[in-house]
Every structure is written in C-alpha cells, then in structure tokens.
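Participant: Using the hints provided, position chain C relative to the given structure of chain V.
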Amino acid sequence: MREKHEAPPTPNLRHAVVIGGNRIPFARAGGAYANVSNKDMLTAALDGLVARFGLQGEQIGEVAAGAVLKHSRDFNLTREAVLGSALSAQTPAYDLQQACATGLETVIGLANKIRLGQIESGIAGGVDSASDAPIAVSEGLRRVLLEAARAKTTRAKAAAFARLRPKDLRPSAPGTAEARTGLSMGEHQAITTAEWKVSREAQDALALASHRNLAAAYERGFFSDLVTGYRGLTRDGTLRPETTLEKLATLPPVFGKNLALPATMTAGNSTPLTDGAAVVLLGSEEFARSRNLPILATIVDAQAAAVDFVHGRDGLLMAPVYAMPQLLERNGLTFDDFDFFEIHEAFAGTVLSTLAAWEDEDFCKTRLGLTGALGAIDRRKLNVNGSSLAAGHPFAATGGRIVASLAAALAEKGSGRGLVSVCAAGGQGVVAILEAR
Amino acid sequence: MKRPRAAPFDGAEQRLAASYRRALTQSLVARLPGHERPRTLPDRGLPAEPVRIDPRKLEAFQRGIGAPIRNALPSSYLHTLAFPQAMALMARPDFPLPTVGMVHIGTVAEQWDGVQASDELAVESCAENLSVRRTGTQVDVQSTLTRRGSTVWAGTSTYLAPGVFLASPPEPEQQRPGQRWEAPLPTARWHLDRGVGRRYARVSGDWNPIHLGRLPAKLLGIKGPIAHGMYLAGRMLGHVGDPPAGPLRWGISFHTPVRLPATLEITVRPISPYAVGTATTALGWEVQGWTAGSSRPHFSGWIDGEP
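Listed in order, the protein sequences are those of chains V and C. Numbering of the first sequence is given in the working numbering, commencing with residue 1 and proceeding in unit increments. Numbering of the second sequence is given in the working numbering, commencing with residue 1 and proceeding in unit increments.
Chain V extracted, bound-state conformation (with noise of 0.2 Å):
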C-alpha cells in the first residue's frame, strides 16, 4: 500500500530558505583532485562557504553531508570536515547516505529542523571522489584476519591463516554494480531506456543542451557566487562547450551492449565518474535577515519514493516518476506551476525515460494511480543551467550543486517555482520543492 499523505495543518512552522551555496568546480576522476580525499575536498566546499557568506568563527546550528564511496575510517566525515574549518569547532554534524539523494536529503533534513525551530541555521552538503576511492581486501581475506583475531591460540591462528587462497590476496575495490542485480547502473539504466525506446539521437541532444547550457551559465557569471576554484580548476572539468551533436554521435556505445536490442547509451550522454563537493547554506529567516544575509528561496516540501527493481517491476533509476505525483498532489500544484526543473542527469536515458513516463497516459493510470498522464515538462525550463552530463556527477555531491543553482536561478528571475528531481541507487529517489522570494 501507498502511504497518503494529507496536507498537515501545520500554523506554527516557519520557513526554512536557501541563503546560498558552494561548491568547488568538478573534476574528471583521476584528474584535478585525483590527490586528495573527501575530507580536503568538503573542507574546501565549506571554507569557501564561510568566505563567501562571513562565517569565520560562527557556530551552525548543524551541519549535515555525507558521501557515497566513503572509507570506513571517514565515519564521521562531516565533522571532521567542520573541525578542519573556519567555523566554530562547537558545530555539532551528522554523516548521511542515501547513494545520489545524499545532497538533497541533507538538505531536506536540515530544513525540516530550521522549519521545526529545532535550528537557526544549516548547512548540507555531500562530496565524493571516485579517484581516491576506498580498496577493501577480499571477502575471504577478510574473514580470515577476523577470525584470526578471535583466536585465542597460535594453533587456531595458523588454522585461520591456512584456509587463505592465493585469489584471497586480490583487493576488492567498490564497483557502480547493484548489490542485489550484479548490473551496473549504466546497465540498468540501458533497460529502462530500451524500455521506453529513447533514440541515441535524443540522449545526444539532451547532452548538448547540458554542455551548451552549462557553458553558458559560466559565460554570464552565474556560477561566479556558487562555484570556488581548487587545485588549479575554475570551471568543471569535464564541460565540454565546443561538443556538436555529430561529435556526440560518433561515440560508441558502452552500457546496453547485452540487449537484443541496439545500444544507445555512450560515454557522451552518461555521466562520467567525478570528484567534486557541494555545500548549501540554510537557515531560518530571522537567521538571514539578523546578519543581512541574502535569501534566495524558501525549501517548501519534499518527498521520497522507491521502486522494486528486483523483481522487474520498474526500472533502477524511475523511483522519482513515483515521488513527484505525491508531492505535486499534496502542494496542489501540476508541472504547469512551475518555471525550472532540475532533473539530475545520471544518463541523457534516465531524463528522458522520466518525462517519458509522466507524459505516458496508460503508466500514470496502472502504475501511479492518476487519472491521466501527470503531464509534459516545458523543454525549455529543463537543466537551464547545465546539468551532471556536463558538470559531472561526484554522487553525494549532486544534490548541494542543484539545490544551489535553482535557488540562484529562482532568486535571478526573482519570482516562480522550481522542481528538482533526484534518482538513487537501490532504486531510491527523491524530489523537491523550491519557491523564489
């Protein structure tokens, strides 16, 4: 059963909005950043945070982030991040993990307290480095050395040590592969697209408009108050202005090539692995005004759903098809109430899969349970700033960069609405709200 969810009478809440954010500009993997590690990368995106916004010193009601690929000694990544920064060491943080909704559930979760009184102010966030990511040993070696050190006896030890097999001695490094489907998400994602027959052409063309988006955006300063250089970097690494749609089509297929039918999905219209964080400052409106901080948007509601890829209901990556009727129903508001929409672009495929689905009248009746298709989006509305085709897509990283720029974009045509749609691995996904000033 779907859990209903009535508007809550709910008076007393206060708003909770976005006063800003930043990010450090996103690096191919292994490129720029390839030295260094989650912790340099979110205490640069939180350095650059307190510069911009006069920080230094002050205590944050809390500060929430997380990280997908995460070494088990970083389990409490985003204090240690704090520490290392410029603002109160008496800043209390939390670690999340919700795979490529970290960002935005960092974010969602720290609004809810600033919308409950619980805090003045937040700040959420996510990095991830595919470069610097962390090598397990093997499952068998694993065993071994705990087993090993049970042992109370020299004999039991070498027992232990016995049953290790030569294969036991190749590390294990983390894969993009489901744990429960042994498909990697690019192959899942290959399915869905088949699915709903998306053309190569069209993935393509949604990849130029990402890059030729982005570039833009950079053009005309808009990233100059949300992006901080690093390490010798100013702009994402992995944006490509002068790409042309024949370029884009001269590159082979990578993800899909098992199907029986063609592959469609390339290096060019999948997100690349990337390094990069993301930090998005929140707070009360008294918090903003009390210290003429500036207000970009109000975080009005959010909402998570999930899809059961397993048993081949749904596609991985189209549990936000589900999340967005429940939180357009209960805001009372339809596709056409809106002026932006950030739908992250783990592949050009999953975009179009998506609208392909809400604009589906036969799906949005069986599957969602609507009366008709949820509707159209607006093409021109779509990533209007570049999206993670061209930015890249450092996981956890992803949601502080969206939520930043739509607030930034909100505040720019200073009136209106934007819809930001996140998928997840382990078939997650969530969306949000945002409303200008």
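Here are the computed lysine-lysine pairs in the DSSO-like style, where the Cα-Cα straight-line distance is at most 30 Å:
(1) C/Lys218 with V/Lys167
(2) V/Lys257 with C/Lys223
(3) V/Lys365 with V/Lys381
What the hints contain is simulated information worked out from the structure, not anything from laboratory work.
Facilitator: Below, chain C without anything else, positioned relative to chain V:
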C-alpha cells in the same frame, strides 16, 4: 562463499559419497553381459529417517546463494537436506535407471510453514512416474520433510537417463512454428566463476564430479564443469527472496547446462497483472536465466507467494 568450519564430511555427505560410489559400480556392472536392470520402479520408497541440520553448513549455504543469514531455512536448503536419501534411493540395485549420467531436468517444491535450524525433521523419499521420452527415460523422485508428523516441505525432482529406453520411445513431436525463444530484457546478471561448483558441493554435500572441475567432468564425458541445478534454484530463490514464514511454491526447469565459468543474464517478472495504483501484490514471479546471445535459456523458474 564462506568455507564451512565444520568437518569436511558429515554423515549425510558420507552417505551421498557412498551412493555415488555404488552408482558408479552399478554402471560398470550393468555393462557385464547378461546383466539386466529391473524395468519398473521399486514398490516402496525409503522409510522416514531423521535429518540433522548443521548450523554452520546452513550459514555457509545461505551466504553462498545470497540469502540473508536468518533463522528460517531457505526452501532450497530443505531440498539439500532431503537429497542424500533421494540419492540413496536412486543408487539402490532395484532402481531401474543408471544414476551415473542422469540429468536433473527440474524440481517443483511446496513449503507449508517456515522451518528453523532447531526443528527436528524427518525425510521420506519415493520414486514415481517412470516414463519413456524421446531422449530417454525419466523419473520423478519425491521427498517429503515432516516435523512432528506434519508435512512442512515436499519436493519432486525429475531426472532423465538419456539414451536409456525401458520401452520404445514415443514419436517425435512435430516442431510447432513460432515457438522460437526470444531473450527478454534482463533485470540482473550473475557472474559464476569456475569454483562455484566446488563451493556449492561443499555447502550442499552434492559432490557429483561433473560440477567439480575440468578433469572430473571429462572423466564423466562432459567438456567442463557445470553448475549444480540446485545452485541455480537456490540463487533464484535467494534473488527473489523466499518468505521466511512460508507458505511457498516454486519450480525450476533446466533446459541447457550452465558451463562454468559463466555470466548469466537473469530476468524476474511478476506473473500476475499489475493491480491498479501502486499496490505491490503479485501472485508470483517468473525467472529465466540465459547466456547473452544464446537461442535458449539455461533455466526457467517460478515462485508463488509474496516475498
């Protein structure tokens, strides 16, 4: 897969090994001039006998098929518990088919209640439905597990003795057009390394040489090791998730052997049509496994009961 810490062989495995030895001897004896196998199934099966559950082996089995280490036994493990007796039945001199070279072509099982490692179970087996097919003679071996007198699990495995005809074979079926199998979109991928057969032998006790390595398989006339059918069944149930409390019905048919190592494309689909809205009830699941680019699946199975 975790190696069990228990002794490498327990009573059940010694019995299985003895059954395989007896089967091998009989296959040699059967070649002697003047030797004749019985042409009918034995009148009665093997009587009820207690089953011992080794928690360490159970844990290794659960890990090996990707099932959670929980108190309830995987339904496929109940087959493993019943298998030594079924094998003993087939290795008896009065069994009409040669066990060596016999092919496992499918299993159907029903479980009425969840089973815990501490439960005291008894197993009973019998053979039935001896029938001549186009490619040989097949037989159903039925095993029943009871707990305090009531049946908790029953499974029927069908085995084919290829090239053995206890009567004249039926006319070949007319090939119906439009029956070509087309690979569906996968929902998962299994990587089976070369050692899967040996590791599954260790946790299940089924040391049939055709699963163990190139040399043992070659001695029995096949090119290389193949995956245990029941390993695939266990993975299937572990993947879809069998409900710990039962009741549950499942079945699997094996079409072509899975030669190790292998990469299998897997698809899981709900059997029932979707209910309106986002209700998650399904009557059951269909599962298929195949090698990319092949024209036939290796296996197809189904599971009833909401996982």
